Structures are given as structure tokens and as C-alpha cells.
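Chains as they are written, first to last, in the numbering used here: chain U, 2 to 141; chain V, 2 to 141; chain A, 2 to 141; chain E, 2 to 141.
The set of hints was computed from the structure by calculation and includes no laboratory data.
Please note that the accuracy of each hint is not assured.
Copies of the same chain look alike in the list, so a pair counts if it fits in one copy or across any two.
Derived BS3-like pairs: lysine-lysine, alpha-carbon spacing no greater than 27 Å straight-line [stated by the list, open to error]:
#1 K40 with K4
#2 K4 with K99
#3 K99 with K40
Note that the structure is a prediction, hence the values are computed from the model and not measured.
Listed below, chain by chain, are the residues.
4 protein chains.
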Amino acid sequence: MSKLPPSIETSPGFATLLDYRLTVWRQDYAELAIEVAAKHLNRSGVLHGGVTATLIDAACGYAGVHSADPAHVRRTVTLSMTVNFIGQVDRGQILTAKASRIGGGRQIFFSRCDVVDEAGRLVATGEGTYRYRQGSEHPA
Amino acid sequence: MSKLPPSIETSPGFATLLDYRLTVWRQDYAELAIEVAAKHLNRSGVLHGGVTATLIDAACGYAGVHSADPAHVRRTVTLSMTVNFIGQVDRGQILTAKASRIGGGRQIFFSRCDVVDEAGRLVATGEGTYRYRQGSEHPA
Amino acid sequence: MSKLPPSIETSPGFATLLDYRLTVWRQDYAELAIEVAAKHLNRSGVLHGGVTATLIDAACGYAGVHSADPAHVRRTVTLSMTVNFIGQVDRGQILTAKASRIGGGRQIFFSRCDVVDEAGRLVATGEGTYRYRQGSEHPA
Amino acid sequence: MSKLPPSIETSPGFATLLDYRLTVWRQDYAELAIEVAAKHLNRSGVLHGGVTATLIDAACGYAGVHSADPAHVRRTVTLSMTVNFIGQVDRGQILTAKASRIGGGRQIFFSRCDVVDEAGRLVATGEGTYRYRQGSEHPA
Numbered sequence: 002m003s004k005l006p007p008s009i010e011t012s013p014g015f016a017t018l019l020d021y022r023l024t025v026w027r028q029d030y031a032e033l034a035i036e037v038a039a040k041h042l043n044r045s046g047v048l049h050g051g052v053t054a055t056l057i058d059a060a061c062g063y064a065g066v067h068s069a070d071p072a073h074v075r076r077t078v079t080l081s082m083t084v085n086f087i088g089q090v091d092r093g094q095i096l097t098a099k100a101s102r103i104g105g106g107r108q109i110f111f112s113r114c115d116v117v118d119e120a121g122r123l124v125a126t127g128e129g130t131y132r133y134r135q136g137s138e139h140p141a
Numbered sequence: 002m003s004k005l006p007p008s009i010e011t012s013p014g015f016a017t018l019l020d021y022r023l024t025v026w027r028q029d030y031a032e033l034a035i036e037v038a039a040k041h042l043n044r045s046g047v048l049h050g051g052v053t054a055t056l057i058d059a060a061c062g063y064a065g066v067h068s069a070d071p072a073h074v075r076r077t078v079t080l081s082m083t084v085n086f087i088g089q090v091d092r093g094q095i096l097t098a099k100a101s102r103i104g105g106g107r108q109i110f111f112s113r114c115d116v117v118d119e120a121g122r123l124v125a126t127g128e129g130t131y132r133y134r135q136g137s138e139h140p141a
Numbered sequence: 002m003s004k005l006p007p008s009i010e011t012s013p014g015f016a017t018l019l020d021y022r023l024t025v026w027r028q029d030y031a032e033l034a035i036e037v038a039a040k041h042l043n044r045s046g047v048l049h050g051g052v053t054a055t056l057i058d059a060a061c062g063y064a065g066v067h068s069a070d071p072a073h074v075r076r077t078v079t080l081s082m083t084v085n086f087i088g089q090v091d092r093g094q095i096l097t098a099k100a101s102r103i104g105g106g107r108q109i110f111f112s113r114c115d116v117v118d119e120a121g122r123l124v125a126t127g128e129g130t131y132r133y134r135q136g137s138e139h140p141a
Numbered sequence: 002m003s004k005l006p007p008s009i010e011t012s013p014g015f016a017t018l019l020d021y022r023l024t025v026w027r028q029d030y031a032e033l034a035i036e037v038a039a040k041h042l043n044r045s046g047v048l049h050g051g052v053t054a055t056l057i058d059a060a061c062g063y064a065g066v067h068s069a070d071p072a073h074v075r076r077t078v079t080l081s082m083t084v085n086f087i088g089q090v091d092r093g094q095i096l097t098a099k100a101s102r103i104g105g106g107r108q109i110f111f112s113r114c115d116v117v118d119e120a121g122r123l124v125a126t127g128e129g130t131y132r133y134r135q136g137s138e139h140p141a
């Protein structure tokens, strides 16, 4: 049984496949959590960099599209992203990706993200540039 | 049934979860292929950026650790990576990530990667910086 | 006396300070050249990474804003950029930054750039994401 | 006359050409300041992205090579860097690049940097991956 809380927003595709959860979401901020399992490992038996990149991309995107109105789903497209892999992550660890929207305007926004383990150790950082999809520019 | 060839190297973790295949591998070069399925999509119904990042990270890493000797498995750690998302990708498309090792030395190497669809359209690019794990510095 | 050809476009600010030249410019492509002098060096006596980043940013930008009509000056804003430093560069070398626009649409474009020395050795690579300024979206 | 304090470390090359100053330097942290002048502008009359990239590269590097012993000059080589351009910067503004070493070990380190204007507005962010030059791995 997972130690993670349920996701604020469920999504049937890649989020379900990886089992990452949106655990905090407010204006300009989002947190995702994941419990690192065998399915997330690379050929060397440690966390695949693609999992880290996925968390950063998703968290950075969520940070820019919060809406107070559940009927107004805001969407975004990633233009570019970067990841720095600072510490190795092993199976069984719980990671939290903490992303903030740090700038931008009506069409473009910038977010950045820290990924930390349960001990608060920084294991990765990343940044992303995003474009709002049409109709998603405003929170309400 | 998949239209993809089997993978040159099978790995039980994230590679199997996503079902990407190592289809070409030689000194300083690697290709991965994936058929985009429902499990790879994001909350907007198109390819999740994390899948693209995974292909780029894995292909760029493979490009630096080819070995002519099957008994000598070379390993690497990603230090940093970047992704540019140039075109949207929908379900059903087959993507190929083509990565080349473009520089570096005994401890560090650099690779870059183009991700193209079946029509040869460039859908993403990326670059990565890698460190060889101890014992993996040399091809043979 | 400089071994470099004059610049296709002269600009009084940073381009003049560094003395980099726009030497090739056509639709979706641009080349800049620079002769590495004492003023371009860092505290360790080799080329400052900021010079390399400047060439990449400028060349990638130029690649997206060529115009066949000299009266129609197109402008762009950099959203994000990345640089990989592959080889060390010493004083006296001539570098060429070769950038191509590799994708994008009416508002956003993507370019990438190779920086090579006189022997054709790849010394750096980079990529950038750009936004057209209003009125600069079209070549003509 | 410049409003900036003198630099903690003076360097005859690119630092002098651009006139950026090292204003704060301690273990794992560095600040650079610059007063944006005509020589720093791009062809559109605003701050050239290369200046921003230079500040980020230099500040991130300094953050990793502080030494308590003035006779022990530590040196580093940039492997890769990224920049996000969040806000436009005009002539006359004073920018401060605030960089922290956020991880790494004996050979490699990671830094990141915020660039802010006098009003504290975030105008750019960036990250870098660095390798210590031989003999520079330790602070003392």
C-alpha cells in the first residue's frame, strides 16, 4: 500500500503509469510526490533520469495552471526544460518535486523545481519554459 | 503487436514500463524507438514531456557507453540535461531518438539527440552531460 | 588587424564591445565569427564561458529573424538558452558559431548552434528558445 | 562614476571589459554586480542575453571555488549552463547575480543563480554544472 496521499488531479496516462501524485496545488505553486519502485529504475538499478525529468516537467507545468474554478481546466505546452541531477536516488525513497512559477506573462511562463527526498536532501533541480494553450491564460 | 524491433539491451525497470527499445548501438551513437500509446500521454491527451525527456536521457547515455565486449558493461550517470519541445506528438506515432556522443574525455562526456517521427519531422531536441562510473571509462 | 570579414549588420553595443561579426545570414541560418583576444579571457586565462554563450545566443537569434527586405528589421527576445562547453579555447583562436532555426511557428522559434574553431573542432554547442517581437513574425 | 563597490577579485580580461564586480564571496556563495551601460546592449537596445549569461556563469563558478586562504586560488571549468530570461532589462539598471553552490562532490559541482534588479525583481535565473581543475577540489 502506498504511503502517498491520493492525487488532487487524476490523469489516466503517464501520471498513472508512473504513479506520481499531485499533493499540493495553489496559485503559482505545485508539489508532486512519488515512491520510487522497481519500475522507475534504470539499467544501473537506480532512479531513471527520465522519472526525475517527468516530475520536474509536470510540477513546473502545474505551477502555472492552477485555477480556483474546477470547471476552468487550464492547459500548457512545455517549450523547453532543463534538469540537474545532484544526488543518486535508490528504490524505496519518496521524492517530492516542489515547483514555483517564477515569472512570465499572458502567453509564456517560467517555473523552477526542487526535487527533495524524505530527509530534505536536494536530489535534483530543474527549470522550464511554458506556453499557455489558448483559453488557459487566466486563472479564472 | 508492436511494430518495433526488439531491444538490443533489455532492462527490467523504466525501459520496460515505457516499452522503449534500443534499436541501433555503436561507438558514439545510439537510437531508441517507441510507439506512443495511451500510457504515454499527459493530462491534455498528447505525449507527456517526460517521455521525450526519458528517450533523450537514455539515448544520450547509451551513445557514450557502447562496448564491443558484451562482458564489459559500461555505466554512466547523468549530470545535466536539456530538452526543447519543437512539435506536438499524438498517440500512435512512432518516435526515434537519435543520439551522438559529441565530445568529452576520460571522465565526462557530452551527447545530443534528435527525436523524429516516422515522417522524419523533428519533434524534439536535447543535450546531456554525463560522468562515467568507475570502471566504465574505456570501450574495451 | 583583424583576420575577420566585416559584419553584415553592425550594432553599437555588446557586439562592438566583443567584436563579433555576423558573417553569414540567410533564411533560418546565421554564422558569427570572433577572434579570441585578451579581453575575452576569464580569470584562468582561457575563453570566458560568457563569450561562448553570447555567440550562441546571438547566432541562434539571428537565425530566426533574417529578412529579405533591409527595411524590415525583425526582432526577437530570448526566452531560454543552454550551453555545453566541450573544449577549451585559448587566445588567438578564431571561432565560428553556426546556428540554424530548427522549428517553431508564428510566435516562438527554436534554434541550435555549433561553435567550432579554425580546425573544425567542436568547442561548444547550445540551443535557444525565442519569442518574436510584435511585427517581426514574418520574413517580409 | 560607478555606483558599484570595487571587486573582491580583479581579473584583467572579460570581467574588466564588462565591468562586473564580485561583491560578496563566501563558502558556497557569490554575488556579482553590474551597472547596465550602452556597451551591454543588444541590437534592440536592451540588455544583451550574453551579459546575463556571463553573470550567471561567473557567479555560479565563484560560488564553488571560494577559499579562506588567499594563496590557494581555486579554479573551475564550466561543463554546461542554462539561462531563463524572465524580464527585460534596460540601460542604467544595476543587476545583482546571486549564486549558490547547491550540490556536488570532489570533482563536480552544481550552482544556481538568481539575477535581480535594484527593486528586487527577478530578471533571470540560471544553473550550471562545473568541474574542478586539478588542485582546486578543496577549499584549503
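Alpha-carbon proximity between K99 and K40, which holds within one copy, between copies, both or neither at 27 Å: Close inside one copy (22 Å) and across copies (24 Å); limit 27 Å.
At 27 Å max between alpha carbons, let me know whether K4 reaches K99 within a copy, between copies, both or neither. The answer is within: 18 Å in one copy meets 27 Å, while 37 Å across copies does not.
Is it within, between, both, or neither for K40 and K4, if the alpha carbons may be no more than 27 Å apart? Answer is both: 17 Å inside a copy and 23 Å across each meet the 27 Å cutoff.
The structure meets every hint from the earlier list without exception.
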